[in-house]
Amino acid sequence: MSLTRAERTIVVSMWSKISTQADVIGTETLERLFSCYPQAKTYFPHFDLHSGSAQLRAHGSKVVAAVGDAVKSIDNVTSALSKLSELHAYVLRVDPVNFKFLSHCLLVTLASHFPADFTADAHAAWDKFLSIVSGVLTEKYR
Amino acid sequence: SLSASESFPMSQLFVKVDEVGAEALGRLLVVYPWTQRFFEHFGDLSSADAVLGNAKVKAHGKKVLDSFSNGVQHLDDLKGTFAELSELHCDKLHVDPENFRLLGNVLVIVLARHFGKEFTPELQAEFQKVVAGVASALAHRYH
Chain Z
1 MSLTRAERTI VVSMWSKIST QADVIGTETL ERLFSCYPQA KTYFPHFDLH
51 SGSAQLRAHG SKVVAAVGDA VKSIDNVTSA LSKLSELHAY VLRVDPVNFK
101 FLSHCLLVTL ASHFPADFTA DAHAAWDKFL SIVSGVLTEK YR
Chain W
1001 SLSASESFPM SQLFVKVDEV GAEALGRLLV VYPWTQRFFE HFGDLSSADA
1051 VLGNAKVKAH GKKVLDSFSN GVQHLDDLKG TFAELSELHC DKLHVDPENF
1101 RLLGNVLVIV LARHFGKEFT PELQAEFQKV VAGVASALAH RYH
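As you go down the protein sequences, you meet chains Z and W in turn.
For the first sequence, my numbering gives the first residue as 1, with consecutive numbering after it.
For the second sequence, my numbering gives the first residue as 1001, with consecutive numbering after it.
Extracted from the complex, chain Z is given alone in its bound form:
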């Protein structure tokens, strides 16, 4: 599965809007993840996950920055996220199902913040793109 040229254009152009609110988007995505899928909290026993927590904000920024790295190298996500892929495979070992939950929460956040831009085509492009990112992050699991 790879993005068409049209899908790549959509993702890149939406990213330019997202990146101006990256921290807000990242934090909210994680808040949604932990509210809707509390089992995801099991990977963060060492964090204060309450709304407004500095750790949540910092981690949200990290996650969105990584998505941004993938967008900037949209023609070669595998290479852009290679280190992160190893980290997830050998150290973090987050069960792959959680990438679906996180991707969904990011889409919800985008829909909420960018209702006009998040057309059906944009929804399709971002769903596919995040699916590709998730695949790259889990491809070294075994």
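When the alpha-carbon atoms are kept at most 25 Å apart in a straight line, the in silico DSS-like pairs for lysine-lysine are as follows:
(1) Lys100/Z with Lys1129/W
(2) Lys100/Z with Lys140/Z
(3) Lys41/Z with Lys1117/W
(4) Lys1117/W with Lys100/Z
Calculated from the structure, these hints are not laboratory results.
Bear in mind that the values here come from a model prediction, so they are computed numbers and not experimental data.
Since chain Z is already given, all that's left is putting chain W on it; use the hints.
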């Protein structure tokens, strides 16, 4: 049409959301094009615009959401409420229950788009439980 400034208990939400069903079904067909397998008789589904403008998609989306919103008036007995529909989807329509989960998540995204900030993480969490419950109820009678 929708009013983002009102607060809304779960059971009343869908009273206001006429076009949400059409949008949710339309987006399902666009984002997950393999779901079009159930709707080959609907005519032109060749682009996002075609899907979202398709009269049959709109009508069916409304039907689905009306059923969904009737069902969620009975959150204490979803399995009973959706028993007949479950049998229909298994025996006559032959729909893989995974599609109920996909549609539920698309519905959540559509609600987020319409309600913006009001669709808080806490509200989303409630909705995720409802759509999961409905999907499970619709799958319950499969055999």
